[in-house]
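Just so you know, the sequences run in chain order E and H.
The first sequence lines up with residues 1 to 157 when you count with our numbering.
The second sequence lines up with residues 1 to 708 when you count with our numbering.
Errors might be hidden in some of the hints.
[What the hints assert, rightly or not] A few chain E residues that face chain H, going by a derived Cβ cut-off under 10 angstroms, partial list only:
hint, residue
1, G10
2, E44
3, D88
4, L133
5, R148
[Unchecked claim] Covered by chain H, per the in silico footprint, the following chain E stretches (three or more residues, Cβ under 8 angstroms):
hint, stretch
6, 56-69
7, 73-82
8, 97-111
None of these hints come from the bench; they were simulated from the model.
We treat Cβ as the ideally placed atom computed from N, Cα and C, and that holds for glycine.
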Amino acid sequence: MAELSFILNGSRVRYDGSAADRLLDALRNEYHCTSVKCGCGEGECGACAVLIDGVLHNSCCVAVGAVQDAQVVTLEGYRETARFQALDRAFAELSAVQCGFCTPGILLAAEALLSRSPHPDEAEIREGLSGNLCRCTGYNAIVNAVKRAAEEGDGLW
Amino acid sequence: MDTISQSVVRKDHGDKVSGRSLYTGDYAPEGMLFGKLLRAELARARVLRVHVPALPEGYYYVDAKDIPGDNNVNMVLDDSPVFCRETVEYIGEAIAMLCGPDEETVGRLLSACRVDYEKLEPVIRLDEAHESFFDYTYSQGDTEKAFAEADKIYDEQFETGYQEHAYLETQAMTAEPEADGRMFVHGSLQCVYYVRNALQRVLGCGPEGVHVMQDVTGGAFGGKEDYPSVLGCQVAVAALKCGKPVRCVFDRREDMACSPKRHPSRCRYRVSVKDGRVTAMDVDIRFNAGAYSTLSAVVLQRGMISAPGVYQIPNTRIRGRAMKTNTVPCGAFRGFGAPQTFFAVEMMMDHIARDLGVDALTFKQAHLSRQGDITSTGGRYHFPVPLPDMIRETEALCDYRRKKEEYQKPQTGRFRRGIGMSLQFHGGGFTGSGEQDIIKAVVRLRKERDGTVEILAASGEIGQGVRTTFSKIVAQELGLPLERIIFEYPDTALVPDSGPTVASRSIMVVGELLRRAAVKLRERWADGEVQEVEERYRAPDFMIPFTIDHFAGDAYATYSWAVMTAEVEVDTLTGMIRVLDACGSFDVGTPIDRNIVMGQMEGGFLQGIGYASCEKIASDGTGRIRGASFSDYLIPTAMDVPQLRCMLHVESYPDGPYGAKAAGELPLVGAPAAFLEAVEQALGGVSLSHVPFTAEDAFSVLMKGGEG
Numbered sequence: 001m002a003e004l005s006f007i008l009n010g011s012r013v014r015y016d017g018s019a020a021d022r023l024l025d026a027l028r029n030e031y032h033c034t035s036v037k038c039g040c041g042e043g044e045c046g047a048c049a050v051l052i053d054g055v056l057h058n059s060c061c062v063a064v065g066a067v068q069d070a071q072v073v074t075l076e077g078y079r080e081t082a083r084f085q086a087l088d089r090a091f092a093e094l095s096a097v098q099c100g101f102c103t104p105g106i107l108l109a110a111e112a113l114l115s116r117s118p119h120p121d122e123a124e125i126r127e128g129l130s131g132n133l134c135r136c137t138g139y140n141a142i143v144n145a146v147k148r149a150a151e152e153g154d155g156l157w
Numbered sequence: 001m002d003t004i005s006q007s008v009v010r011k012d013h014g015d016k017v018s019g020r021s022l023y024t025g026d027y028a029p030e031g032m033l034f035g036k037l038l039r040a041e042l043a044r045a046r047v048l049r050v051h052v053p054a055l056p057e058g059y060y061y062v063d064a065k066d067i068p069g070d071n072n073v074n075m076v077l078d079d080s081p082v083f084c085r086e087t088v089e090y091i092g093e094a095i096a097m098l099c100g101p102d103e104e105t106v107g108r109l110l111s112a113c114r115v116d117y118e119k120l121e122p123v124i125r126l127d128e129a130h131e132s133f134f135d136y137t138y139s140q141g142d143t144e145k146a147f148a149e150a151d152k153i154y155d156e157q158f159e160t161g162y163q164e165h166a167y168l169e170t171q172a173m174t175a176e177p178e179a180d181g182r183m184f185v186h187g188s189l190q191c192v193y194y195v196r197n198a199l200q201r202v203l204g205c206g207p208e209g210v211h212v213m214q215d216v217t218g219g220a221f222g223g224k225e226d227y228p229s230v231l232g233c234q235v236a237v238a239a240l241k242c243g244k245p246v247r248c249v250f251d252r253r254e255d256m257a258c259s260p261k262r263h264p265s266r267c268r269y270r271v272s273v274k275d276g277r278v279t280a281m282d283v284d285i286r287f288n289a290g291a292y293s294t295l296s297a298v299v300l301q302r303g304m305i306s307a308p309g310v311y312q313i314p315n316t317r318i319r320g321r322a323m324k325t326n327t328v329p330c331g332a333f334r335g336f337g338a339p340q341t342f343f344a345v346e347m348m349m350d351h352i353a354r355d356l357g358v359d360a361l362t363f364k365q366a367h368l369s370r371q372g373d374i375t376s377t378g379g380r381y382h383f384p385v386p387l388p389d390m391i392r393e394t395e396a397l398c399d400y401r402r403k404k405e406e407y408q409k410p411q412t413g414r415f416r417r418g419i420g421m422s423l424q425f426h427g428g429g430f431t432g433s434g435e436q437d438i439i440k441a442v443v444r445l446r447k448e449r450d451g452t453v454e455i456l457a458a459s460g461e462i463g464q465g466v467r468t469t470f471s472k473i474v475a476q477e478l479g480l481p482l483e484r485i486i487f488e489y490p491d492t493a494l495v496p497d498s499g500p501t502v503a504s505r506s507i508m509v510v511g512e513l514l515r516r517a518a519v520k521l522r523e524r525w526a527d528g529e530v531q532e533v534e535e536r537y538r539a540p541d542f543m544i545p546f547t548i549d550h551f552a553g554d555a556y557a558t559y560s561w562a563v564m565t566a567e568v569e570v571d572t573l574t575g576m577i578r579v580l581d582a583c584g585s586f587d588v589g590t591p592i593d594r595n596i597v598m599g600q601m602e603g604g605f606l607q608g609i610g611y612a613s614c615e616k617i618a619s620d621g622t623g624r625i626r627g628a629s630f631s632d633y634l635i636p637t638a639m640d641v642p643q644l645r646c647m648l649h650v651e652s653y654p655d656g657p658y659g660a661k662a663a664g665e666l667p668l669v670g671a672p673a674a675f676l677e678a679v680e681q682a683l684g685g686v687s688l689s690h691v692p693f694t695a696e697d698a699f700s701v702l703m704k705g706g707e708g
């Protein structure tokens, strides 16, 4: 059987476990990407969302075998980017992080949205974040922060 | 805006936004055992025998026999066990814990366990429950006389369902035996001292034998007030037996099925009206407590005290019972008993007004309490009641009266609209004399040689921003930059008991103690020296002493106020109910940080809308909770609501820090009534009486031709 490997946050990694293992577990346990949270384990909450070749996926519903040779990005990688900094600033200014458990997934959902639509209106933002549950904020601050990041980070996306 | 209200970057922002914060399940698992609970499959049964498969080396089976102290988790009454006693009392009750180094293997072993039961007859439904854990009555005036003299008597029953906290991080606790013999328990929790006190009793040790720390906590909402004491004791007993650290992190289904929820309720209101005014309310409240009493006594008390709402009702008789059923125990949840009765009283007032042919808001306004008036328990509203102004502000914001009139006209077409408004208060801090007699909060400030100041308090950051707001209070009083103030996650080995992180008390009560401590430190400040100051709670002088036996006196020192509206649109083809607009005016006193307070208002508001609309837990006839997952239990997403439009109306409180009052719970309380009043109007003026009110419920009303 071919060796399992993929590109995690820019570096190629080899996976020695089963191709059927959940990507979520592999990321947390093998590569210590603990920003990837398990909120439900069945693809409903978005806390484990990661980017796979730029597309947002819930890593609890992805087998490691399915990301062979793909680019997988978690917050551990994304936080090194200028785009993250724009989101970070907007989230800080609007206090859009409360308990923080949904935040990693929300940020990657925002990235997925802004990379395909750099100047979204509110409805688009709400749709773009609709796969990520937040129980703390009522979403106002998050939606407004994504909007502000898009405006102030103009040109980044 | 006051300086203190200007928003800052939260102290916990950097670590959380970058994903660096370690929650309980994120700590490296090396050397740790994973614990999983063996749970009861029957709602009521004697446990005859547990067949445990042969355990590989390094794997352990832990049950009540391994408890060195009492098999009792300290709450209000002595009834919640760590592991079941001879009987199990609800589906999901913990019988034992299996622990081992490989999580999957533990799971496999757990599925191989078999339990022999002798089945006993369970009580599942609230209406068939006969045993009450608590049964209180209090009254004012002469209800009988008022009823005898009434022009008309109204009699209605209102129901509310379970609500699941649905914090994004599930329940999670770790216990680690330390080299010096102490047990170190840390996890996702609100109240370090509650857990420590529970552990002392279960482990049979003194305060020196155990210490408890809060990890970064992924949401709580009351759901991590009492339950971490149970799970904390379970992992600690396991760690003691195994001699190794044991961690237990629930999966979502387990969490939804087995952790406490908001009490389902049934409230009967009998109300007498004379000359267009309410003269008496006779209220019978029943809460479904579930299998163990947990915090039901205090939840019920708050619900009962809130039963007449924000109104002056001269004659009241309020009875409240927390009923035992063989279902998952209910516990603390933002609002703590008040959302149930506020929902009922607001709907009741709305229905009476409609029957009298008067505008509901005008009718409610005619009964409003004012400063100096008597509270439901014979205390006083010592401070201004700003509801009239807040109503005006909210009306203006959402164009309430015009819309109410417009939607009152017969509506045709597929989409029909309605708007509703609710009024409520939330009493700040523990009910009655709890702060003074039970909690007795203590805080300390410690100044280091370099001039940094550390806050020593037990309040936990659960997302509500307390690390930031406490730091702001101390920084402001000492004239120091915020970076010089340190406030870490509390560890009972290091901080005094400033009380639990509950009851919207942190800013109002603990925050004020910190402010006073900071004043003391400022007065004694000596450069280059290590200094420590302490401050202890004392009740404000103006309070009328409260006795819980008679529900008499000031149940709360002061109240926070809210006016909330919801505008909805019902799709008559599908029953789907869309929230078009949601507005609120909230008086929580001076906001210590505007963004943080607005985050609480918006988050609580949406949690309340969820409670009213889509959040439904069904349990079947056997007592099993069905649909314990995010696929079935739907909480609002970003697409389900527009921007929530919240305003702050500041009525500053002289005994709160810079005028701050209770904030966290208030915004949830009124959402259900505002929502359902709006739905009633959209459905053509039907009378509705339960939440959650889902699309299916709306559809069923539509099918019946508009009869509630």
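Tested hints:
1. G10: violated, 16 angstroms
2. E44: Since the shortest Cβ distance to chain H is 4 angstroms, the answer is holds.
3. D88: holds, 5 angstroms
4. L133: holds, 6 angstroms
5. R148: violated, 13 angstroms
6. 56-69: violated (count 0)
7. 73-82: This one holds; 4 residues, not fewer than the three required, reach chain H with a Cβ under 8 angstroms.
8. 97-111: Coverage by chain H holds for the stretch 97-111 of chain E (9 residues, Cβ < 8 angstroms).
In this structure, the earlier hints numbered 1, 5, 6 are contradicted, and the remaining ones agree with it.
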